[in-house]
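Enquirer: Dock chain B against the given chain A, drawing on the hints supplied.
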Amino acid sequence: NAGVTQTPKFQVLKTGQSMTLQCAQDMNHEYMSWYRQDPGMGLRLIHYSVGAGITDQGEVPNGYNVSRSTTEDFPLRLLSAAPSQTSVYFCASSRSGTGGEKLFFGSGTQLSVL
Amino acid sequence: GENVEQHPSTLSVQEGDSAVIKCTYSDSASNYFPWYKQELGKRPQLIIDIRSNVGEKKDQRIAVTLNKTAKHFSLHITETQPEDSAVYFCAASFYNQGGKLIFGQGTELSVKP
Numbered sequence: 194n195a196g197v198t199q200t201p202k203f204q205v206l207k208t209g210q211s212m213t214l215q216c217a218q219d220m221n222h223e224y225m226s227w228y229r230q231d232p233g234m235g236l237r238l239i240h241y242s243v244g245a246g247i248t249d250q251g252e253v254p255n256g257y258n259v260s261r262s263t264t265e266d267f268p269l270r271l272l273s274a275a276p277s278q279t280s281v282y283f284c285a286s287s288r289s290g291t292g293g294e295k296l297f298f299g300s301g302t303q304l305s306v307l
Numbered sequence: 274g275e276n277v278e279q280h281p282s283t284l285s286v287q288e289g290d291s292a293v294i295k296c297t298y299s300d301s302a303s304n305y306f307p308w309y310k311q312e313l314g315k316r317p318q319l320i321i322d323i324r325s326n327v328g329e330k331k332d333q334r335i336a337v338t339l340n341k342t343a344k345h346f347s348l349h350i351t352e353t354q355p356e357d358s359a360v361y362f363c364a365a366s367f368y369n370q371g372g373k374l375i376f377g378q379g380t381e382l383s384v385k386p
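Those protein sequence lines, which keep their order, are chains A and B. So for the first sequence, this note's numbering puts the first residue at 194; every next one is plus one. So for the second sequence, this note's numbering puts the first residue at 274; every next one is plus one.
Next up, chain B with everything else stripped away, as it sits in the complex:
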């Protein structure tokens, strides 16, 4: 069945360093790949997304890259700040199954001042 694998499960960086989170997906028909950020005790919020016809997308300090051939995509956060500390989830949308969204297991990012 559909599957999204996310690594690492935890990531600790110093303030100002970069952070990279990687995901792989199983269904080659997937065409939409969002990333969500969840702060402690709160609901997930969309931070960036990419579609299958685009290889890279940037929004200020956040970027996402997609490699369709290898079926993997990554989140890059540059110049990390303490407020970036949260759990990040990748997801893939399986267009040929009503657009349902399957999430990865999550990465707990800790940015140390």
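Chain A extracted, bound-state conformation:
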């Protein structure tokens, strides 16, 4: 039981490049989400999903796309990277899609956009 697995751990991009951050969980969790963490701004919700085929926007969705084709996977796509997207990204999941459950976080991805 690996929990929530994020790849890569570190990534450097040039402005305008695209890439996908991978997230997978093996706990059969309904709810999955992506957060970005910037100094002094806490954890801000980018996108979330309450089940396969269902996604919705969070607080800061611009510049990011997601899809949820399976229960296990929830990739985050940066369409055209900008320096403002330099951040630490966390994927997190919880058992229930209706809320009120403990969030399990991945180990994070440190992204730098030059």
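Think of the hints as simulated: they come from the structure by calculation, not from any bench. Please read these numbers as outputs of a predicted model, since none were measured by experiment. Don't be surprised by glycine CBs; every beta carbon is placed ideally from N, CA and C. Hints may contain errors.
[Claimed, not checked] The calculated SDA-like cross-link candidates involving lysine to any residue, where the alpha carbons are at most 25 Å apart (straight line), are: (1) B:Lys331 - B:Glu352; (2) B:Lys310 - A:Val281; (3) B:Lys315 - A:Gly246; (4) B:Lys315 - A:Ala245; (5) B:Lys295 - B:Thr283; (6) B:Lys295 - A:Thr208; (7) A:Lys295 - B:Lys344.
[To be verified] Looking from chain A toward chain B, a few residues come up when the C-beta cut is under 8 Å (computed): (8) Lys207; (9) Ser211; (10) Met234; (11) Gly235; (12) Leu236; (13) Tyr241; (14) Gly251; (15) Pro254; (16) Gly293; (17) Leu296; (18) Phe298; (19) Gly299; (20) Gly301.
Expert: Then chain B, alone, in the frame of chain A:
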């Protein structure tokens, strides 16, 4: 929109003293309020949570109180120890929007020996 405000942003206490961190939320439909601890370079970990039908919950040296009328909740850590030094985040779950969790800005707690 939904919002969670957290204060203070930094907090320094002497070992053995108590620490209190406060949060307010905007959506009266919120029904779940967890607290996460994040040590330097690590992922956030849940330390305690409370639901809207409960006013207070304790777990050893940690307690959380909830005032639904005022829409605020607080984390209390008693007999602080150096290993309590970390960043603490409050959060609120907005049940009527798929249970998404919104976090406060975080409090960096430093416990001095």
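Enquirer: It remains to establish, for every hint, whether it holds in the given structure.
Expert: For each hint, the structure was consulted:
Of the pairs offered as hints, the one joining Lys331 (chain B) and Glu352 (chain B) holds, with about 14 Å between alpha carbons and a cut-off of 25 Å not exceeded. Restraint check for Lys310 (chain B) and Val281 (chain A): the C-alpha separation of about 16 Å stays at or below 25 Å, so the hint holds. Straight-line distance between C-alpha atoms of Lys315 (chain B) and Gly246 (chain A) comes to about 30 Å, which puts the hinted pair past the 25 Å bound. Only pairs whose Cα atoms come within 25 Å are accepted, and Lys315 (chain B) paired with Ala245 (chain A) is rejected, the gap being roughly 28 Å.
For the hint pairing Lys295 (chain B) with Thr283 (chain B), the CA-to-CA distance comes to about 12 Å; that is within 25 Å, so the pair holds. Restraint check for Lys295 (chain B) and Thr208 (chain A): the C-alpha separation of about 39 Å exceeds 25 Å, so the hint is violated. This hinted pair checks out: Lys295 (chain A) and Lys344 (chain B) have alpha carbons roughly 21 Å apart, not beyond 25 Å. Interface restraint check: Lys207 (chain A) against chain B, minimum CB-CB distance 26 Å, threshold 8 Å, status violated.
Taking 8 Å as the C-beta contact cut-off toward chain B, the hint placing Ser211 (chain A) at the interface is violated, the least distance being around 26 Å. Annotation: interface hint on Met234 (chain A) holds; nearest CB of chain B at approximately 6 Å, less than 8 Å. Below 8 Å, beta-carbon pairs count as interface contacts, and Gly235 (chain A) has one with chain B at about 4 Å; its hint therefore holds. The interface hint given for Leu236 (chain A) is met, as the beta carbon of that residue sits about 4 Å from the closest beta carbon of chain B, less than 8 Å.
A least Cβ separation of about 5 Å between Tyr241 (chain A) and chain B falls short of the 8 Å threshold, and the interface hint therefore holds. With a least beta-carbon distance of about 6 Å to chain B, the hint placing Gly251 (chain A) at the interface is held under the 8 Å criterion. A hinted interface residue such as Pro254 (chain A) counts as satisfied when its beta carbon comes closer than 8 Å to some beta carbon of chain B; here the least separation is about 12 Å, so the hint is violated. At about 4 Å, the closest approach between the beta carbon of Gly293 (chain A) and any beta carbon in chain B falls short of 8 Å, and the interface hint on this residue holds.
With 8 Å as the threshold, the beta carbon of Leu296 (chain A) comes within range of chain B, its nearest partner Cβ sitting at about 6 Å, so the hint holds. Contact between Phe298 (chain A) and chain B, as hinted, is supported at the beta carbon level, the nearest pair being about 4 Å apart and thus within 8 Å. Interface restraint check: Gly299 (chain A) against chain B, minimum CB-CB distance 7 Å, threshold 8 Å, status holds. Of the supplied interface hints, the one on Gly301 (chain A) holds, with its beta-carbon coming within about 6 Å of a beta-carbon of chain B, less than 8 Å.
Violated hints, in rising order: 3, 4, 6, 8, 9, 15; the structure is consistent with all others.
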